[in-house]
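Using the sequences provided together with the hints, build the complete structure.
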Amino acid sequence: MKQQPEAFHPNSTAALADPVLRSNFRGAMEFLRNKRRTAFAGVNTEEGDFAALSRRGEAIKQRCLQQLPELLEQLEQNCTRNGIQVHWAETSQQANEIIESLIRARNGRKAVKGKSMVTEEIGLNEYLGDRGVDCIESDMGEFIVQLAGETPSHIIMPAIHKDAGQIASLFENNLEDTPYTEDVDQLIGIGRQQLRERFQHADVGITGVNFAVAETGTLCLVENEGNGRMCTTVPPLHIAVTGIEKVVAQLSDVPPLLSLLTRSATGQKITTYFNMISSPRKPGEQDGPEEVHLVLLDNGRSQAFADEELRKTLQCIRCGACMNHCPVYTRIGGHAYGTTYPGPIGKIVSPHLLGLDATKDLPTASSLCGACEEVCPVRIPIPKLLQRLRVESNHAGTAEGIVRGAGSGRKPLEALVWKAWAWACRHPAIYHRGASLAAHGRKLFRFLPSRWKTQRTMPQPAQITLHAALKNRQRRSATPCPQEKIS
Amino acid sequence: MAEAVRIYPPKPDKVYLFGTCLVDSFSPQTGLDAIALLEHHGIEVVFPQAQTCCGQPAYNSGYDGEARAVARSQMDLFPASWPIVILSGSCGGMMRKHYPALFDHAPEVVAFAERVFEFTEFLRHVVQPTFSDQGAATRVTLHTSCAGRRELGIHEHGLALLDQLQQVQLVPHDYQEECCGFGGTFSVKHADVSAAMAEDKTRNLVGAGVDEFVSTDWGCMLNLNTTLEYAQQPLRGRHLISFLAERIGVTQPLGKADSEKLFAEVAR
Chain S
1 MKQQPEAFHP
11 NSTAALADPV
21 LRSNFRGAME
31 FLRNKRRTAF
41 AGVNTEEGDF
51 AALSRRGEAI
61 KQRCLQQLPE
71 LLEQLEQNCT
81 RNGIQVHWAE
91 TSQQANEIIE
101 SLIRARNGRK
111 AVKGKSMVTE
121 EIGLNEYLGD
131 RGVDCIESDM
141 GEFIVQLAGE
151 TPSHIIMPAI
161 HKDAGQIASL
171 FENNLEDTPY
181 TEDVDQLIGI
191 GRQQLRERFQ
201 HADVGITGVN
211 FAVAETGTLC
221 LVENEGNGRM
231 CTTVPPLHIA
241 VTGIEKVVAQ
251 LSDVPPLLSL
261 LTRSATGQKI
271 TTYFNMISSP
281 RKPGEQDGPE
291 EVHLVLLDNG
301 RSQAFADEEL
311 RKTLQCIRCG
321 ACMNHCPVYT
331 RIGGHAYGTT
341 YPGPIGKIVS
351 PHLLGLDATK
361 DLPTASSLCG
371 ACEEVCPVRI
381 PIPKLLQRLR
391 VESNHAGTAE
401 GIVRGAGSGR
411 KPLEALVWKA
421 WAWACRHPAI
431 YHRGASLAAH
441 GRKLFRFLPS
451 RWKTQRTMPQ
461 PAQITLHAAL
471 KNRQRRSATP
481 CPQEKIS
Chain Z
1001 MAEAVRIYPP
1011 KPDKVYLFGT
1021 CLVDSFSPQT
1031 GLDAIALLEH
1041 HGIEVVFPQA
1051 QTCCGQPAYN
1061 SGYDGEARAV
1071 ARSQMDLFPA
1081 SWPIVILSGS
1091 CGGMMRKHYP
1101 ALFDHAPEVV
1111 AFAERVFEFT
1121 EFLRHVVQPT
1131 FSDQGAATRV
1141 TLHTSCAGRR
1151 ELGIHEHGLA
1161 LLDQLQQVQL
1171 VPHDYQEECC
1181 GFGGTFSVKH
1191 ADVSAAMAED
1201 KTRNLVGAGV
1211 DEFVSTDWGC
1221 MLNLNTTLEY
1231 AQQPLRGRHL
1241 ISFLAERIGV
1251 TQPLGKADSE
1261 KLFAEVAR
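Chains as they are written, first to last, in this note's numbering: chain S, 1 to 487; chain Z, 1001 to 1268.
Since the hints were made in silico from the structure, they are not lab data.
No false leads were mixed into what you were given.
Here's a subset of chain S near chain Z, in silico, CB distances under 10 Å, partners left out: (1) A17; (2) L389; (3) N394; (4) P461.
On a predicted model such as this, the values are computed, not experimentally measured, just so you know.
All C-beta atoms, glycine included, are put in the ideal place defined by N, C-alpha and C.
Have a look at this one:
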């Protein structure tokens, strides 16, 4: 996928001006928020409420991240013992090369894919397509997006930006003998018919992984449509790709995280399918792939891992609740971000994947309202991490920065303004002289950045500051100010 | 995240007031009403004149060094052990939650943060007033800042206080929990997105069909009032403190003549 977070400003402006897009997102996010609220309202007291469950989720992910290197080694050992071949990729390029070579080794031409954001991250479809391997999406949302030549606009609901009418036109224009219908059941039926055939002729199935269990060497895959099961059982070769942060220590870590994931993502207590892949087809078995491979991808994650605070970024279980509740995402949609992962989580993950130089407009694109943190099932302090990335972006020297591209957002004039402002705040006589001048010479405020004024009037300072009003009050009072007495 | 439990002290004789830079410049009346309310309940208010800003603008913009320097200078102004009452949920969140983080949770900073109370929280849980509403029947809706709501849980305090006013009908508005779009420098750096959020919020406030809206944060209100004015809507917001002070009859409005007289005196 072509990543273009540099174009966030023009993209978001264009999205805001698109009434269909805005109404599609507003409606869809409202729907998902309600589903999530209902799902957690129904949690029984034995499991605890959302606060208790999310604390547990956070604790599990933090424990697993603390021992990440050891768990990855253990995962490799146990997968290998189970017959799952493990490959390590530091970059997207390496991951793509590994996958291509695995397909080549079996003379594969046709790949069928389950929904997987990490393969979007590495641009696998395009990479394989350029090398003569057809990569077909089998998740309904992904299928729609691929048919439209687009990328997912949401990590759980890839085609959420489209309404039924847009999908009806897309099917009518791109699929043979397909009449226009806005009936959702019929649309799904049409898509499903298209996809069935593709499974039967695929040489390879490619999926992501939701949880990789180190203790047992098991790959867990969460899905609703059954396409994930088809991808992992019908073709003779199954390649699973995942970021290194998806490893958990033991099987018992999975149920709490799974419960949080499905409730947060789609408001379900459990998805229709939950696949646990523990080996290729064994001798004497009737079905299953002959080969199973796991590609473990770093792609900037170890940079986040290296810093205790930024490491919390890796707690993410990719539920998408933060985007569903984000006032910015709700208004501009996922494509405006120009990154694989949009929304609040995208703003804190993407700088590690793509560098802060390319993504410097993302951490600032938040009012730090905290709606994301409030719903995060693993309690990632997203606003704090956004603030931290702003600090990294403003670094004076790149040597200090931990994040690749640190310092690239620094504007000398802005830095100077903050320095002067901080100085004035520490010199009350000067600060208050300035505030009084502003109060009386209100014209000063015309120098406020003009962008404020596109849809607002200029705020008017009061005629007198509170300081001035109270100074006078103290002068009149008989006793000296207690503060002055003690200081 | 809002704290689960806070143990409140008994009502003190004295408190410090942190006015905030926005109240100072844009609504001194809010400060005067806060003092009137506290004095009405027998609490002496000390206002250190050297106070300026809590440092949040720099902190949110990613200038930790500058924010730390400002924070340090402000903390020095409150040496006695009295509670520090602050007229904003957002600045309250800065002092209570982010000051400790800025100073690596140094014990003296943590102790300072412990003494910080957002005004409505202090009023509700420490002063514990019983209001007698003296105003005419009116309909209002409450907008709370996100920092105040999510870091301090202040929406509950505002609602509880307003609930005491017999003649005031409290009306909810759609998407109450959603941000107004201010976010400090966000409103300038991402002006289009910010304006779209403000537009939606003001539409929902207008849609509530109220006489006015109240809030505990001048940051949000400057954003919302100027958006409403631009859209030529008559609805305006004012600080919850001023609303309360007026309803119980303790406000002393700072008239234009007073302002000019005071300004002349101060300027001398």
